[in-house]
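Asker: Sequence:
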Amino acid sequence: EHKTRTTLKTKTHKGEGSNELRFEDEADKEQVYLHAQKDLDLLTENNRTEVIRNDSHLTVGSSSFSHVKGSTHHTIDGEKREQTGKDHSFNVTGTLHLKAGTAWLSDSGTELHIKAGQKAVIEAGAEITLKAGGSFVKIDPSGVAMGGASIKMNAGGAAGKGSGQKVQVPEMPGLVTAAGGVVEPVALAEVGQRADAQPEAQIRALREGKALTSICQAEENASGDGGVDV
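The opening residue of the sequence shown carries number 1 in the working numbering; numbering runs sequentially from there.
The set of hints was computed from the structure by calculation and includes no laboratory data.
One or more hints might be untrue.
Said to hold, decoys possible - Simulated pairs of lysine-lysine, BS3-like, Cα-Cα distance not exceeding 25 angstroms:
1. K86 x K119
2. K3 x K38
3. K166 x K138
4. K3 x K14
5. K138 x K152
6. K69 x K29
7. K29 x K9
8. K115 x K166
9. K131 x K152
10. K86 x K131
11. K138 x K86
12. K115 x K69
13. K38 x K14
14. K14 x K29
15. K29 x K3
16. K86 x K115
17. K119 x K161
Every value quoted in this text rests on a predicted model; they were computed, and no experiment measured them.
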């Protein structure tokens, strides 16, 4: 029936399902199809390059985790759209720079709270307006204009307060070992930031299947087979 199709398909042991690698070589219908009945683990020891000459579609049924230990560079020649169904946390430990070529328009349904530890500067080339209800303060080259039911100076009262930020840190992704296994997500802190971290020993122990606790690695067992006494 499928003379142009080559398929490598295995059957699940003691269960229903299969893993499959399929090649379709009919002209204008060429396809490489890969199906994993459960997990698919990929490990690249050096660089990975991927070029997609048309569209790319990705659907994740549950959660997605990624961790880039160096830098990430994204260049988008067209437009970018994002939608978050719930909260969105954005945490920058250094300096945040934002530049809009034409306009920066923001709309908050309930509250906008901006807080600076030492200094806050709002600068405009032509006009600044603060407006609440029927009152306003307008600053432009002609001067400062204030309007409202009444203008109060040093008349007591207190400044309003904002809710403050409550940024959430991301969770870490799982790792694929050289042996093909998957390590569950670990704590957010980098191993290099921990006072007692030994990254080289951790990687070596992971590949050799040895424990890292001080008791278990105290000495090898007498048999000399590379195991440890617990």
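Asker: Failing hints, ascending?
Answerer: Hint check: 1, 2, 3, 4, 6, 10, 11, 12, 14 fail, others pass.
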